[in-house]
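Trainee: Given chain R, work out where chains E, A, H, Y, V, B and L with the ligands should sit, using these hints.
Protein chains in written order, with this note's numbering: chain R, 79 to 298; chain E, 79 to 298; chain A, 79 to 298; chain H, 79 to 298; chain Y, 79 to 298; chain V, 79 to 298; chain B, 79 to 298; chain L, 79 to 298.
Errors might be hidden in some of the hints.
Computed Cβ-Cβ distance ranges for the label pairs, DEER-style [said to hold, decoys possible]:
| # | chain 1 | residue 1 | chain 2 | residue 2 | range |
| --- | --- | --- | --- | --- | --- |
| 1 | B | Arg-144 | E | Gln-157 | 51 to 61 angstroms |
| 2 | B | Ser-216 | R | Ala-133 | 48 to 58 angstroms |
| 3 | Y | Thr-117 | A | Leu-148 | 21 to 31 angstroms |
No lab work stands behind these hints, which were simulated from the structure alone. Quick caveat, the model's predicted, so the values are computed rather than measured. Where a beta carbon is used, it is the ideal one built from N, C-alpha and C, also for glycine.
Number of protein chains: 8
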Amino acid sequence: GFARVDKHRHIRCGFPEVIFCQGKAVDHVVEIFRELASTGHNVLATRASEEMFAAIERTGEFPAARYEPLGRTITLKQQTESEPLGRITVITAGTADIPVAMEAVTTAEILGQNVELICDVGVAGLHRLLDKVELLQSSNVVIAIAGMEGALASVVGGLVSCPVIAVPTSVGYGTSFGGVTALLAMLNSCSSGVSVVNIDNGFSAAYNASIINSMIEEKN
Amino acid sequence: GFARVDKHRHIRCGFPEVIFCQGKAVDHVVEIFRELASTGHNVLATRASEEMFAAIERTGEFPAARYEPLGRTITLKQQTESEPLGRITVITAGTADIPVAMEAVTTAEILGQNVELICDVGVAGLHRLLDKVELLQSSNVVIAIAGMEGALASVVGGLVSCPVIAVPTSVGYGTSFGGVTALLAMLNSCSSGVSVVNIDNGFSAAYNASIINSMIEEKN
Amino acid sequence: GFARVDKHRHIRCGFPEVIFCQGKAVDHVVEIFRELASTGHNVLATRASEEMFAAIERTGEFPAARYEPLGRTITLKQQTESEPLGRITVITAGTADIPVAMEAVTTAEILGQNVELICDVGVAGLHRLLDKVELLQSSNVVIAIAGMEGALASVVGGLVSCPVIAVPTSVGYGTSFGGVTALLAMLNSCSSGVSVVNIDNGFSAAYNASIINSMIEEKN
Amino acid sequence: GFARVDKHRHIRCGFPEVIFCQGKAVDHVVEIFRELASTGHNVLATRASEEMFAAIERTGEFPAARYEPLGRTITLKQQTESEPLGRITVITAGTADIPVAMEAVTTAEILGQNVELICDVGVAGLHRLLDKVELLQSSNVVIAIAGMEGALASVVGGLVSCPVIAVPTSVGYGTSFGGVTALLAMLNSCSSGVSVVNIDNGFSAAYNASIINSMIEEKN
Amino acid sequence: GFARVDKHRHIRCGFPEVIFCQGKAVDHVVEIFRELASTGHNVLATRASEEMFAAIERTGEFPAARYEPLGRTITLKQQTESEPLGRITVITAGTADIPVAMEAVTTAEILGQNVELICDVGVAGLHRLLDKVELLQSSNVVIAIAGMEGALASVVGGLVSCPVIAVPTSVGYGTSFGGVTALLAMLNSCSSGVSVVNIDNGFSAAYNASIINSMIEEKN
Amino acid sequence: GFARVDKHRHIRCGFPEVIFCQGKAVDHVVEIFRELASTGHNVLATRASEEMFAAIERTGEFPAARYEPLGRTITLKQQTESEPLGRITVITAGTADIPVAMEAVTTAEILGQNVELICDVGVAGLHRLLDKVELLQSSNVVIAIAGMEGALASVVGGLVSCPVIAVPTSVGYGTSFGGVTALLAMLNSCSSGVSVVNIDNGFSAAYNASIINSMIEEKN
Amino acid sequence: GFARVDKHRHIRCGFPEVIFCQGKAVDHVVEIFRELASTGHNVLATRASEEMFAAIERTGEFPAARYEPLGRTITLKQQTESEPLGRITVITAGTADIPVAMEAVTTAEILGQNVELICDVGVAGLHRLLDKVELLQSSNVVIAIAGMEGALASVVGGLVSCPVIAVPTSVGYGTSFGGVTALLAMLNSCSSGVSVVNIDNGFSAAYNASIINSMIEEKN
Amino acid sequence: GFARVDKHRHIRCGFPEVIFCQGKAVDHVVEIFRELASTGHNVLATRASEEMFAAIERTGEFPAARYEPLGRTITLKQQTESEPLGRITVITAGTADIPVAMEAVTTAEILGQNVELICDVGVAGLHRLLDKVELLQSSNVVIAIAGMEGALASVVGGLVSCPVIAVPTSVGYGTSFGGVTALLAMLNSCSSGVSVVNIDNGFSAAYNASIINSMIEEKN
Ligand SMILES: Nc1ncnc2c1ncn2[C@@H]1O[C@H](COP(=O)(O)O)[C@@H](O)[C@H]1O
Ligand SMILES: Nc1ncnc2c1ncn2[C@@H]1O[C@H](COP(=O)(O)O)[C@@H](O)[C@H]1O
Ligand SMILES: Nc1ncnc2c1ncn2[C@@H]1O[C@H](COP(=O)(O)O)[C@@H](O)[C@H]1O
Ligand SMILES: Nc1ncnc2c1ncn2[C@@H]1O[C@H](COP(=O)(O)O)[C@@H](O)[C@H]1O
Ligand SMILES: [Mg+2]
Ligand SMILES: [Mg+2]
Ligand SMILES: [Mg+2]
Ligand SMILES: [Mg+2]
Ligand SMILES: [Mg+2]
Ligand SMILES: [Mg+2]
Ligand SMILES: [Mg+2]
Ligand SMILES: [Mg+2]
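Bound-form chain R, shown alone (with noise of 0.2 angstroms):
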């Protein structure tokens, strides 16, 4: 095949690779499924199209797999690791930017994380983001998910002492730029903090958050 999977990866980074689907072909993605599968890690697939899970679900090796449809990520848990104390809150400004949320959930979750969604608390209407200030105050790390002027990083920013992850969504029209504006609001967010991943990127956002609360829960 023309794959490579890099297998060593899960004793480098402490999570196997990872299948990025966007213009992989269907039989690609199955196959590489199957060779992760095979070393009874968990297996997660991101960026897939529903015609990719029926292709693995046709197959009838793999039961336990699950397509999360707004996020567009297919999971396979294998494994059960116990659940870390902390937690990863997953905060967004608008209900258009949830698809991102999503896929940083079904990431978070799949890596053994406790995840807490808050939707569409935007910075136009403060009183929603202020009434979960406690909630944000304790958890070990933010990923705060917006899209046009992307002010909520900066806000998140300024209101908590742990890492705040921030994704740009491509959300908005006209100068929103497909997310290039949210993203650069969020590069020079005057909030100490905030490091930024890519435009929709929700993935990179979870598995960055993840690493950081697994270190910060082992040493207990």
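Mentor: This is chains E, A, H, Y, V, B and L with the ligands only, laid out in the frame that chain R set:
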């Protein structure tokens, strides 16, 4: 002379032509200043260097002319307009935005407005802004000035019912791109009631705010 | 539900939250529409598809709801506000700008304003615009809508003494870059009294114009 | 020497190579100037520093050479071409555009043209431009020079039946992006009959206008 | 109706308004076509779909209307202007540039010009272009059309003494950025005598060329 | 016909013109294919659709023509060149880069080269690449193909002493900007010996590699 | 004074406000420094000029203040926090990235962290990096600093299981675009576990790393 | 010291590390120069200031070191490699491109190549280039250097059968965007056999050309 002063503008637009000094020869600035002063109206020159003001002083013709060094304006007050009762509030995210704020304040004052300036209340420390909510809510117009991620405009826009005129500033570095990031954020504000002017354009924000404030007050 | 409607907005900002439909699930739009309608205020939904309106009609709960297909808005008039005496004039450069103009007109009307629409008076045939000067000069606010090179805003700005809110549109091709050229031109207007909103954002222009017009008229 | 002067250009293109001085060593400029002068044709050097002109003067070989400091050209008139009857009109939006206009004027004159310069008639005060309509309409070519939003080209284009060559200038700040905004506006002009040259390229506009004007007049 | 046809344009600019069909409703196109046809002048509609032409045919009112499918123009010839003696040469770099060339050819013809089209003589095989030098040098105006790196304009500009109007096309991929690369190359041509129009704007190039050619020939 | 095939190219450049099919009419492609085939040389058509190949097959004239669906090339082998001994290695970062790699492989093969393809050895799992170092170091040219951050080119460049031709691909999302990020990374490679071609341009990389490899081998 | 120091930040975010000196008046910096020092916490000022430090020294009030000239920070250590056991590793691609690294090192140290700096291990000579793998793999957080093509972040990200915070630097020329290329590359890293901060923002990377490291160590 | 010289590079890549001086401290440059010289290989430092060379001379250790002021390189020849028989031709469009050409020439020479330089043969005067066709066609590699519209690369690419390495330069103004226009043009060349390096990167072009030329000659 090369310049062709627009002498009808006071009639058409309610205020005479304003001298945009940047890129003009010192002699031209003096000549245009003299021509505008001769109409008996107030005179405003923006983006003026100290050298330009010195040349105007040297003529000995305008003892009442004043230079404001932060905002770099020259003003000549020749008319005492009755102060409007309503208020324009100018608010900045950081202290580095003050030069732009001063251009706005001086512009609004020469246009006969009642202005209040609040500095350094950026969203990283939200309580500083929330302390001022009453003052903001009792304004006729708010001018929100911010660089970096420009989130101030959105947060203020969600707190008031009057128009917010947002001014992006060139404060920041790297991906602030000389104010472009703040501009884009402001154009994509999820709060309604926010309109935007060019980067560092304190003058235009104040001009807009002044005609709005004057129209509101005129009707009393 | 995922959505967290901002119910205090009417008190803080003078008008309830507006539903921005783009990117939302049809079910979510119906649910938010119902929640906002239940407050007894007028309801406005922008960027709405015909399918969304059909779903709202199918509920049978909102017989007074209307769909405007060009500007793609859904409105529900539940309050009869006394018409303000002053006027908002909406003006477009070409006929292709009409959808944006209709979003503006519908928004201003549901906000209880007195609106007049003038189309296709772009600067290539200046006499068409000059014919309308009196009408423009007797407005409280002008909304200037143009694509391509966006010169209309500057020319109008030089003819009136009231605020001009400029809306760049995505009309054009090649280097019009989906409205960016018109936006940049408007931000750099050599006329004073022009502020700008996002590309194709007829809603925001009308919202701004409406709060200005209401404040002017309230004082009477 | 390093330079390879294109000596056939007069035959192919009707005018000898023009020296673009920017980025050239002073010695190279003198050497190329001498080589071109030796052909007996008129010589034009653009983007020339005062230091370069001083070096040319110091040679004592070109007593008829002249320096125009605003447009920064060096000219050496060695031929008296019969003045064409038609006219090129150079028109600027502001006084800060004058250096570019002077580059155009000097270029057209050394090419033997009849040029008229009108400055500071930008669209913010339309009457200044309308005062000149007759003059514009009786031109063979109009060169329209403007920075900021560059609207002048569109307005002039709608008033005349001759070709308009638009020159964007780097006058402005913030989102004028060193002339890019004016350039884009001019490329998207809704008026027909407008073509565009590079930012601040008064030379190229005048060169184009001159060959057009010469071709029109030659036919008489 | 919404449209406000500019009926004076023939007098001011020498040719009636041209219908830019893109983004217009089919009904509007028919209505404007009828209004312009009623003046007795020739009619030109650009960026027209086959559907629009079908609608015009269905009216039965314009049996002489013609559709050119590559350049997507509708023309109605109602006047027989005497053919000018001089020639406009339209030249393309590749075969993929032909649609833009056809828009130019049709435009020039309806404006009564004498046009010659040469295709596929890009600079990768220079001899193809050098074969045509005589034809180019005997033109009154050359329209040079190219995508990708747009080098054709510079090479042609160095071979002729008449004006060259360069049209960048959106032919290419990757960093051709939909024609932006060709546009930039043409604006920076090291050959004098080149001016530029918007990407894919065959219409504007032909309109410019036609008024130049007509002015040259008128003088005979 | 519209097309003007460059028949001397084989003599000047060592290989006949290659048909770039994108944006060409199917008929034109067939016509040009026939004309090139008639010279007896090998024929290569890139960016070809299945429909174009079907049309070529339907003619019945080219039974030896082959279609490669991933890289979308049509080839017609008419000459058996002696295989060079040196080797071109094509290497990709991910499996989604394979279509670009196939365009390169097919191009090099029709040009008579000895090619080896290695897929999916991106820098996230460095050992996969280090496994191939010997193979890379024994190549005459390496073609490094990568999307996203394009780091493969720099890492490979630091490992070999032969030229590396880097091809950025449009694989990625958000700020990969359709391959621009990978392109920029490759242009800024800190490794010496890396040159770059357009985004997704497997053809050009292979053409360059082939002429280099042929020149090296010719000398034996 | 104009500045409004955010005195609650220590409570909300775990560290007092940091002084961003760029664009501030020297007097303002001194005043804010004094105000923050009076709280008894450590003080950090970034982007500080030597002149600013001299002014602070001249007051005679802060004998313990130190200036680090490469990273341009002023620090005042007033508290001895117990050193965390875990480690932050700062790693740079080249020697020109050292100023950014020093800003990071100084920031982490004043925040009480255990930091190790490794310079000049860019990917062009991979063995330099591979020599340090053990050191990297035993870190709690890695800060990867690189200009040009920014590939270091991806390569490091593939070698470790802890979070990598990537800092693009403005080192490079031409298409490095002042750090934009490195930024884009880092945002598109094919390695998981990489998040990004603004160009040259060593401070923010260190702040993020410090709160992560502190949270990990606190739990012991 | 901070620097970590890559001493294996000569073995891996065939030439030792080259010192990129820009942004490095003078002391660091001297230290690295000394370390590289001690290996007995030739030494090359690019982007070196006169001050850096003076510091190297002051050490008295490298009497054979030379400074080339146009291309700003320092070279130390310590080995006499046998001159290859094949030739690299460096060709520039204008005289302002000479500094970049000199960086290329010096680099190729220190790498033991046979180089020929041809200046000022830009496409505006094609005959200057056509005069050199034989010389170009007998080269092993051509380096084509041009600013402005960068058309030289395409024209040369169509004339030769050897590889062309194109170097865009920052020569130009306005929309030349510091070399970006030339770069884009070169990446989109319609001639096959052209690859591209970073703006003004004469070094990289020469390095690439040298390894190609050496490989060709080695085989003899
Ligand atoms: N056409 C429109 N353009 C921009 N903003 C809008 C538009 N329509 C509604 N909004 C605002 O967009 C926000 C919607 O956010 P959400 O629905 O939570 O994603 C609300 O604050 C609305 O007031
Ligand atoms: N292909 C075209 N490209 C650019 N402008 C055009 C084209 N065809 C017509 N026009 C002009 O575009 C304007 C159309 O404006 P409107 O039809 O009112 O939106 C008129 O001034 C036409 O002369
Ligand atoms: N995939 C490709 N990418 C870039 N250029 C190509 C490609 N395939 C062929 N070409 C070249 O593109 C040119 C085609 O120009 P034309 O077919 O006349 O539009 C020829 O010089 C071909 O050698
Ligand atoms: N101001 C100017 N802007 C653009 N091109 C110019 C200008 N002045 C001269 N040129 C042309 O630029 C080219 C100069 O090339 P070179 O002097 O060889 O670098 C010649 O073809 C000139 O005709
Ligand atoms: Mg909401
Ligand atoms: Mg502050
Ligand atoms: Mg119209
Ligand atoms: Mg003026
Ligand atoms: Mg062709
Ligand atoms: Mg892979
Ligand atoms: Mg190094
Ligand atoms: Mg020259």
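Trainee: Now tell me if each hint is right for this structure.
Mentor: Hint-by-hint comparison with the structure:
no.	hint	result
1	B:Arg-144 to E:Gln-157: 51 to 61 angstroms	55 angstroms, holds
2	B:Ser-216 to R:Ala-133: 48 to 58 angstroms	42 angstroms, violated
3	Y:Thr-117 to A:Leu-148: 21 to 31 angstroms	29 angstroms, holds
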